[in-house]
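Here the protein sequences come in this chain order: R and P. The numbering of the first sequence is this note's numbering, which starts it at 509 and goes up by one. The numbering of the second sequence is this note's numbering, which starts it at 741 and goes up by one.
Be aware that a few hints might be false.
What the hints assert, rightly or not - Straight-line alpha carbon distances no greater than 35 Å define the calculated DSBU-like cross-link-like pairs of lysine-lysine that follow: (1) Lys625(R) with Lys923(P); (2) Lys566(R) with Lys818(P); (3) Lys1034(P) with Lys625(R); (4) Lys872(P) with Lys625(R); (5) Lys836(P) with Lys625(R); (6) Lys818(P) with Lys625(R); (7) Lys797(P) with Lys625(R); (8) Lys1076(P) with Lys830(P); (9) Lys830(P) with Lys625(R); (10) Lys1088(P) with Lys625(R); (11) Lys625(R) with Lys770(P).
Hint data in this document are derived by calculation from the structure and do not stem from the laboratory. Keep in mind it's a predicted model, so treat the numbers as computed, not measured.
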Amino acid sequence: MLEFLQQMINGLSIGSIYALIALGYTMVYGIIKLINFAHGDMYMIGAYVGMISVTTFKLPFVLALPATMIVTGVLGVVIERIAYRPLRKSTRVAALITAIGVSFFLQNAVSRIMGAKIYTFPPVLDNRTFMFYGLRFNTQQIAIFVTAILLMILLQVIVKKTKVGRAMRSVAVDQDAAKLMGVNVDRTISLTFAIGSSLAAAAGILVGIYYNTINPLMGFAPGLKAFVAAVFGGIGIIPGAMIGGFAIGLIETMVSGYGSTLYKDAVVYVILILVLIIKPSGLLGKNRKEKV
Amino acid sequence: MKRILVLVATALLVLSGLTACTSTDKGTIKIGVNVELTGEAAVYGQPEKKAIELAVKEINDAGGILGKQVEAIYYDTKTDGAESTSNVTKLATEDKVVAIIGAAISGTTMAAAPVANQYQVPMITPSGSNAKVTNDGTTVYPFVYRACFIDPFQGVVIANFSSTELGATKAAVIGSSSSDYAKDLATIFADQFEKNGGTVVAEEYYTDTDTDFNAILTKLQNAGEFDVLFIADYAVRAGLIIGQARTAGITVPIVGPDGFESPDLVALAGGADKVNDVYFSTHFSALSEDQAVKDFIAAYTASAGEAPSALSALAYDTVYMLKQAIEDADSTDPVKVNTALEAIKDFKGITGTINFDEWHNPIKSAIIVELVNGEQASATVVNP
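Please model the entire structure based on the sequences and the hints provided.
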């Protein structure tokens, strides 16, 4: 039982990372129906920006996190301007392929600028372990979990309670109608990319600190997993992404813990296929009007 | 006008051919270097390149080989088998080198080995330690050699060290399933450890894309008591596993292969306090009292601006071994150099005395290094 609970803790800490990345995926999809495959690479960029802000600029974690989110958010807006906006009226396949192109561009640009080698993070977050009824907790695991939950709540508040959020929801329902009602569609979409990218960046810096290793290709696999998480929870639905992220993290850990690590990716993708067959709209994908 | 242009172009073409001729006539000995300068294994290839630069400079300053200056031509495998293969093809057919040094890891060396044989150019890998680098299990590749000992030997040495020096009787094994290096080492370690009378309580494998090992570490902790943990992998993941294992409360000694040796190991583990009671087998230790080793360390530190690793020492030895082979052959013909290389006897390098067995593997000693607070604290020589 103790082993099972310990594996739960392990799973939730990976799950919070998937959840953070999945939030951005789901938001962008909810608004402009684009599967942004470059999202995993924004997470990688976030890890690099975070690493530079704590090593070169010597920022403490509480400043490095928002700084990283802002820088990466701005980059997300720039990418949307250059790569996605000109294609907004074209087919979804064209936009999807462009997203894959952006993904490769980001990976290779970072390889070129920073080198293909691995960077390590300096210890910026307290890393203590304490026992609680025989269970082992790590301060960094808790920091990641809490940050993920806080950011999700913040996102939910922005989308549901603010004017910007209302604009986002209206664009999600019908872009043309929103425009007629005086919503600045371009600005709203830019903002969506800014928020989505900054969430990925938050995940990137947290992962960089927790695993202590970053490289230009680190975004690919977690990006795919987060996509699975978003689909699992119901793509376009914010709490769904969160639940999906935690679910994928837990499933992976349990497969590793009670089966073999070698099967964990296979199991995750089998689940994706099953979800797509049985409930294509995802776990929470009932109320289509709520999509954001 | 057109005719003049054609004339000029022809003249240039002829001239360029002439310059190429003069450069060979002037008599440099060309050595190809095909190592990992970028990519995941760049941490191994970079120090090798620096050591080769140092050795070539030393040789040239002392008058070269057979009175000719040595010219090293560098290519990057990018940690990619296909790239490594095409580099060796280029070195053999276009650059027409006497011999090739590389690659730094087994995978890229194995990819290029058939090409070296095809073009009959001797190729020596300083550090490719997989058993099948120099032969396919039944026949030896006539033109492929290595300067380091092989994985089975490392696996045996580490298992013996764990049983006798550490007094371990129960081992847990964790390793990558994505590389031959890791898979072979894990199997050989487990076999030898059980031969020594110990038991392997758990074996766990993961893929190279993993960064989170908490699930399998928790599983190991619940699989039963063990008094030594063997990690079969390179430093990129071994460092992470060491850090996560110590954080998870695994306090037993951790042992591993030469892949542990990397300046990043401590940073990957998350701090020097995590890297205690860690042992790995290697080819060379800076703690040696040998004067030749001390001289090498001083020269390398001065030229490279960092302390040498085992990789740099092996690459340095490789250049000098090649020098001796060329001198023994008294020729720069790759086939003659190959014959001399095969027959090399008691070559005294800084990583030990080298003789080749029938599989082109050197017969030499290994060193087990202990890390205390991330620093090399002691070195034990283990003879074959």
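Hint check results:
1. With a C-alpha separation of about 24 Å, the suggested pairing of Lys625(R) with Lys923(P) holds against the 35 Å cut-off.
2. At most 35 Å may separate the alpha-carbon atoms for a hinted pair to count; Lys566(R) and Lys818(P) meet this at roughly 32 Å.
3. Restraint check for Lys1034(P) and Lys625(R): satisfied, since their Cα atoms lie roughly 30 Å apart, inside the 35 Å limit.
4. In summary, the hint linking Lys872(P) to Lys625(R) is supported, as the alpha carbons are separated by about 27 Å, within the 35 Å threshold.
5. Pair hint Lys836(P) plus Lys625(R) holds up; C-alpha atoms about 31 Å apart against a cutoff of 35 Å.
6. With a C-alpha separation of about 11 Å, the suggested pairing of Lys818(P) with Lys625(R) holds against the 35 Å cut-off.
7. With a C-alpha separation of about 27 Å, the suggested pairing of Lys797(P) with Lys625(R) holds against the 35 Å cut-off.
8. Annotation: proposed proximity of Lys1076(P) to Lys830(P) holds, straight-line Cα distance about 21 Å (limit 35 Å).
9. Proximity of Lys830(P) to Lys625(R) is assessed by CA-CA distance (about 26 Å); at most 35 Å being required, the pair is judged to hold.
10. With a CA separation close to 34 Å, the supplied pair Lys1088(P) and Lys625(R) stays within the 35 Å bound.
11. The suggested pairing of Lys625(R) with Lys770(P) holds, with an alpha-carbon distance near 29 Å, which does not exceed 35 Å.
Every hint, counting from the list given before, is met by this structure.
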